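Chain by chain, the residues run as shown.
2 protein chains.
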Amino acid sequence: MSEKNFIYSILYDYYGDLLKENQATIIEMYYNLDYSLSEIAEEMNISRQGVHDALKRAEKNLIAYEQKIKLHDKYMKYSRAAENIIKLSSEIDDEKYKDLIEKIRLEAAKIINEG
Amino acid sequence: MSEKNFIYSILYDYYGDLLKENQATIIEMYYNLDYSLSEIAEEMNISRQGVHDALKRAEKNLIAYEQKIKLHDKYMKYSRAAENIIKLSSEIDDEKYKDLIEKIRLEAAKIINEG
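Quick note, the sequences are listed as chains A and B, same order.
Each step along the first sequence adds one to the number in the numbering used here, with nothing skipped, and position 103 is 103.
Each step along the second sequence adds one to the number in the numbering used here, with nothing skipped, and position 51 is 51.
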């Protein structure tokens, strides 16, 4: 198996609730809990090939959801804009506007942290 | 039929690509093009009751997607934060920072307009 691609961990955060239960469990164990395919197979009492196939189907479904809904893509755009706001506001280095700038940065941080 | 609830039009923007084709068509015609159930029935060559049932299923699916993915909910939070940033930045009424404030407002507007 090639190296783990953690984009699936991110997409699982967004779309995990749309997956079938066994696919969600496998993604969770493989990407979030760092189990190997063999360990998952043992734990779930199915073949290693069965785990591999379900994992591939789950990954394909997560990619398809992102292509249709684009939540990760949207979040990256929101988050980039919010980071720009933080950077721009830090250039207003003026005691008079300190509180306002702090409030602006807090609002921008909400956007970044919301995910 | 009770009054049209345009939340479905918004949810359709987000999740329309996840619906089956006939459900997507019916939501599109009913909410975005303002067809009546009878007009849709005639256009699609199915019974009015068939349109009604498919519409109810489509609405239920859209609500279920929002409950699982919460894209509209997230967008409302992002958008509220971005509006607060615009409001806060307008309180910095200072020629010296005019360009910076304009840039901050543009970034916030990107968030609101991204949807």
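Since the hints were derived computationally from the structure, they do not count as laboratory data.
Errors might be hidden in some of the hints.
[Unchecked claim] List of simulated lysine-lysine pairs, DSS-like, C-alpha gap at most 25 Å:
(1) Lys-98(A) <-> Lys-56(B)
(2) Lys-68(A) <-> Lys-98(B)
(3) Lys-110(B) <-> Lys-74(A)
(4) Lys-110(A) <-> Lys-56(B)
(5) Lys-103(B) <-> Lys-77(A)
(6) Lys-87(B) <-> Lys-77(A)
(7) Lys-77(A) <-> Lys-20(B)
(8) Lys-20(B) <-> Lys-20(A)
(9) Lys-98(B) <-> Lys-74(A)
(10) Lys-56(A) <-> Lys-74(B)
(11) Lys-20(B) <-> Lys-103(A)
(12) Lys-98(A) <-> Lys-74(B)
(13) Lys-70(A) <-> Lys-98(B)
(14) Lys-20(B) <-> Lys-87(A)
(15) Lys-110(A) <-> Lys-20(B)
(16) Lys-68(B) <-> Lys-87(A)
(17) Lys-87(B) <-> Lys-60(A)
(18) Lys-4(B) <-> Lys-110(A)
(19) Lys-96(A) <-> Lys-20(B)
(20) Lys-96(B) <-> Lys-74(A)
(21) Lys-20(A) <-> Lys-110(B)
(22) Lys-77(A) <-> Lys-96(B)
(23) Lys-68(A) <-> Lys-96(B)
(24) Lys-20(A) <-> Lys-56(B)
(25) Lys-96(B) <-> Lys-103(A)
(26) Lys-74(A) <-> Lys-56(B)
All of these numbers come straight from a predicted model, not from anything done at the bench.
**Prompt:** Against which earlier hints does the structure fall short, listed by number upward?
**Reply:** 1, 2, 4, 7, 9, 10, 11, 12, 13, 14, 15, 16, 17, 18, 19, 20, 21, 22, 23 and 26
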